[in-house]
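Taken in sequence, the protein lines are chains A and B.
One point on numbering: in this note's numbering, the residue at position 241 of the first sequence is 298, and numbering is uninterrupted.
One point on numbering: in this note's numbering, the residue at position 248 of the second sequence is 397, and numbering is uninterrupted.
It is worth saying that the hints were derived from the structure and are not from the lab.
Take these hints with a grain of salt, some might be off.
Now the in silico label distances, taken between C-beta atoms and shown as ranges [said to hold, decoys possible]:
1) Ala271(A) to Gly281(B): 21 to 31 Å
2) Glu407(B) to Trp318(A): 54 to 64 Å
3) Gly161(B) to Leu82(A): 16 to 26 Å
4) Leu82(A) to Gly330(B): 43 to 53 Å
5) Gly271(B) to Asp220(A): 30 to 40 Å
6) Ala271(A) to Phe160(B): 54 to 64 Å
7) Glu268(B) to Trp191(A): 53 to 63 Å
8) Trp185(A) to Leu220(B): 19 to 29 Å
9) Leu220(B) to Ile195(A): 35 to 45 Å
10) Leu316(B) to Asp220(A): 17 to 27 Å
11) Leu220(B) to Phe83(A): 52 to 62 Å
12) Leu316(B) to Gly303(A): 26 to 36 Å
13) Arg66(A) to Arg326(B): 30 to 40 Å
14) Gly330(B) to Ala315(A): 50 to 60 Å
Selected chain A positions facing chain B (Cβ under 10 Å, derived; list incomplete) [claimed, not checked]:
15) Gly270
16) Arg274
17) Arg278
Over 12 Å on every C-beta distance to chain A, these chain B residues come out as not near it, computed from the model [said to hold, decoys possible]:
18) Thr203
19) Leu220
20) Glu231
21) Glu238
22) Glu243
23) Lys257
24) Ile305
Backbone N, C-alpha and C define an ideal beta-carbon position, used for all residues, glycine too.
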Amino acid sequence: MRGTLIIFRRELAGLFAAPLAWILLFVSLLLNGYLFSLVLSQTQGDATASLEFVFGGNFFFWALMLVLSPLLAMRLLTEEAANGTLEYLRTAPVSDAAVVTGKFLAGTAFMATLWSSLLIYAAALSLWGVEPDWGQVITIYLGAVLSSALFVAIGLVACSLTDIPLLAAFLAFMACLLWVMMPALGGMLLVQMRVLFADLFGGFEVAEAWIGGALERMDVRRHFGNSYFQGVLDSAEVIFFFTWIGLFLFLTTRSLEARRWRG
Amino acid sequence: MIEVSHLTRRFGSLVAVDDVSFSLEPGEVVGFLGPNGAGKTTSMRILTGYLAATSADVLRVAGYDVLRDSLKVRQNIGYLPESVPLYKEMRVEEMMAFQGRLHGMGRKQLMGRVPEVLERVGVLDRKRQLVGHLSRGLRQRVGLAVALLPNPKVLILDEPTSGLDPLQRAEVRTLIRELAGEHTVLLSSHILAEVESMSDRVIILREGRVVADGAREELIATLGGRGHVRLEAVVGDAEAARDLLATLPGVEDVQITERVGIHDGFTLSGSGDLREDVGALAAMKGWALRELSEVRPTLESLFASLVVGDGSIAPAPRSAPAPAPVSLSVEPIVLDGISGMGLDLMPLAPAVEAPSLGTPGQKDNFYSLNPFDGGGSRDLSKPVGSGDTQDEGCEDEEDEA
Chain A
58 MRGTLIIFRR ELAGLFAAPL AWILLFVSLL LNGYLFSLVL SQTQGDATAS LEFVFGGNFF
118 FWALMLVLSP LLAMRLLTEE AANGTLEYLR TAPVSDAAVV TGKFLAGTAF MATLWSSLLI
178 YAAALSLWGV EPDWGQVITI YLGAVLSSAL FVAIGLVACS LTDIPLLAAF LAFMACLLWV
238 MMPALGGMLL VQMRVLFADL FGGFEVAEAW IGGALERMDV RRHFGNSYFQ GVLDSAEVIF
298 FFTWIGLFLF LTTRSLEARR WRG
Chain B
150 MIEVSHLTRR FGSLVAVDDV SFSLEPGEVV GFLGPNGAGK TTSMRILTGY LAATSADVLR
210 VAGYDVLRDS LKVRQNIGYL PESVPLYKEM RVEEMMAFQG RLHGMGRKQL MGRVPEVLER
270 VGVLDRKRQL VGHLSRGLRQ RVGLAVALLP NPKVLILDEP TSGLDPLQRA EVRTLIRELA
330 GEHTVLLSSH ILAEVESMSD RVIILREGRV VADGAREELI ATLGGRGHVR LEAVVGDAEA
390 ARDLLATLPG VEDVQITERV GIHDGFTLSG SGDLREDVGA LAAMKGWALR ELSEVRPTLE
450 SLFASLVVGD GSIAPAPRSA PAPAPVSLSV EPIVLDGISG MGLDLMPLAP AVEAPSLGTP
510 GQKDNFYSLN PFDGGGSRDL SKPVGSGDTQ DEGCEDEEDE A
């Protein structure tokens, strides 16, 4: 735990020491701010609708998450491996799990800072006399942070597989994209399979329903939309994110440990 | 302090470290020496826990098993990889504080220890500077400071002087020598002079195997065999001089090498230092000495023959006073035959001797200083200082003048 916190602090400081982080933050805030003001003016000051649109209700929200999280993972893991500082960390008296967790927390904290614009906009609206639904604002913020954390964790797994930064960023992006697209892609695949196998196997409908249900349960956007976006903090939705994040961090740790053998 | 027995590490079909065994006593400074790809870095990485061994009977550092108690091992080592991995965006003191915190040092402890270590490596005045703004040499020193900060029992330094200029190298060498006794130091280099100047004991690696392990003199004695004494003098009758030399105590064999001008060359082998007796005989017989030296195989030549796999030893002359240490040249050269292996060595004795200036040409009994026989010359049948020396060349010049 001590090692995790030490690494978390260093990684976060390291992220903010690089100009890239500030550029990403600037561009993201500019984009979000512009969208927010645009929607706010179009809806004649509907605070809830504006906040909902900017944070979860539009394409850019997910696009930002899908682009930034892999980049962060690449910066946290692959760049360090390329610079040699990962060798320094992995010969320091801290476990690989502490290294991975510390880095993950730093990446998540960065994304939490990025999404904090939601809280700033809500506070600004409140100052101007339009009181937003604070419960919903908080749950949307939590959902955004948890979704980003999941993508950072997926990115870390992908980045632990290679020491080439560009390849790592690409792999991480593809892995995150696949995770988001999986329910849709799975659905399409099931339709194709139904055409091919429905006549051959009697129980195909049952299998189709089971696989479809499983894929649906892995849908991040659905989990975000059905709970956090609505202002509901459901323990099942929290467990969903924590479980997958835990699994991906475990896989990253194992992948790093495998490097000791792989070289 | 470090125990390694039958350590092997494979990368697929490549055997990077092949059945390596060695041990280091507390306070010992030992140098890993070998060309690039000999397995130095891999061995060190295994000792730090960064890489796992494919197989090893014993692998212990500071009393802990590297595989089972990896964290304990890492608590007791200071490791400086060749690339000197430091966070460029951090200030020197921040980097030190980070290292200290990783090793469980408290704020008070850090406040006392950080300036002490920075002072020791000579970068205290740079503590507020960003690591990324430091020169290679300064970064190397900061890397060393980072490794030293937790006062580890074992220091593992991979190529600690690589990329440094000669002055910086000398400083780092001095620093590492000072660490002997306080820490057990295992360092590596592919430059023999570097390893020799920093460590008392050398482990020579070749293609993942230990080919030699011991102190410098031990290695020379066990691998290089005995040396010989070289004599060059004006002796008149070389055959008679050889017979006379053979009667000296301790002399086992005398060989006439070559005649250069008026000087006859001899090689004497035997037990003990023969130079005193040979010198005394020369003085008694009135031989004009041009050279009396002990020629011993150097570690450089042994190293070259070991890593290249060639059994031939190229001897290099040692200066006449026997106890004088072998001087180490600062500038290494790359030997023919082993270039391309990244193997830098000290200069060796030239394989082919330069042609002598004293070529007598057609005049068998005259020694000429002039390659065109126009210089000073003298009768070779008489010893030096007999007063019969002619200097025709000089006379000619005077006449011309």
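We went through each hint and held it up to the structure:
1. Ala271(A) to Gly281(B): 21 to 31 Å: Hint violated: Cβ distance 48 Å, outside 21 to 31 Å.
2. Glu407(B) to Trp318(A): 54 to 64 Å: holds, 60 Å
3. Gly161(B) to Leu82(A): 16 to 26 Å: violated, 43 Å
4. Leu82(A) to Gly330(B): 43 to 53 Å: holds, 52 Å
5. Gly271(B) to Asp220(A): 30 to 40 Å: holds, 33 Å
6. Ala271(A) to Phe160(B): 54 to 64 Å: Roughly 40 Å apart at Cβ, these two residues miss the hinted range, so it is violated.
7. Glu268(B) to Trp191(A): 53 to 63 Å: holds, 55 Å
8. Trp185(A) to Leu220(B): 19 to 29 Å: Violated, since Trp185(A) and Leu220(B) (Cβ atoms, about 55 Å apart) do not stay within the stated range.
9. Leu220(B) to Ile195(A): 35 to 45 Å: holds, 39 Å
10. Leu316(B) to Asp220(A): 17 to 27 Å: violated, 34 Å
11. Leu220(B) to Phe83(A): 52 to 62 Å: violated, 41 Å
12. Leu316(B) to Gly303(A): 26 to 36 Å: For Leu316(B) and Gly303(A) the Cβ distance comes to about 53 Å; the hint is violated.
13. Arg66(A) to Arg326(B): 30 to 40 Å: holds, 37 Å
14. Gly330(B) to Ala315(A): 50 to 60 Å: violated, 39 Å
15. Gly270: With a minimum Cβ separation of about 42 Å from chain B (threshold 10 Å), the hint on Gly270(A) is violated.
16. Arg274: violated, 38 Å
17. Arg278: violated, 36 Å
18. Thr203: At about 9 Å from chain A, Thr203(B) fails to clear the 12 Å cut-off, so the statement is violated.
19. Leu220: violated, 5 Å
20. Glu231: violated, 9 Å
21. Glu238: violated, 4 Å
22. Glu243: violated, 8 Å
23. Lys257: holds, 17 Å
24. Ile305: It is violated; Ile305(B) is separated from chain A by about 9 Å at its closest Cβ, not greater than 12 Å.
Hint compliance for this structure: hints 1, 3, 6, 8, 10, 11, 12, 14, 15, 16, 17, 18, 19, 20, 21, 22 and 24 are broken, all remaining hints hold.
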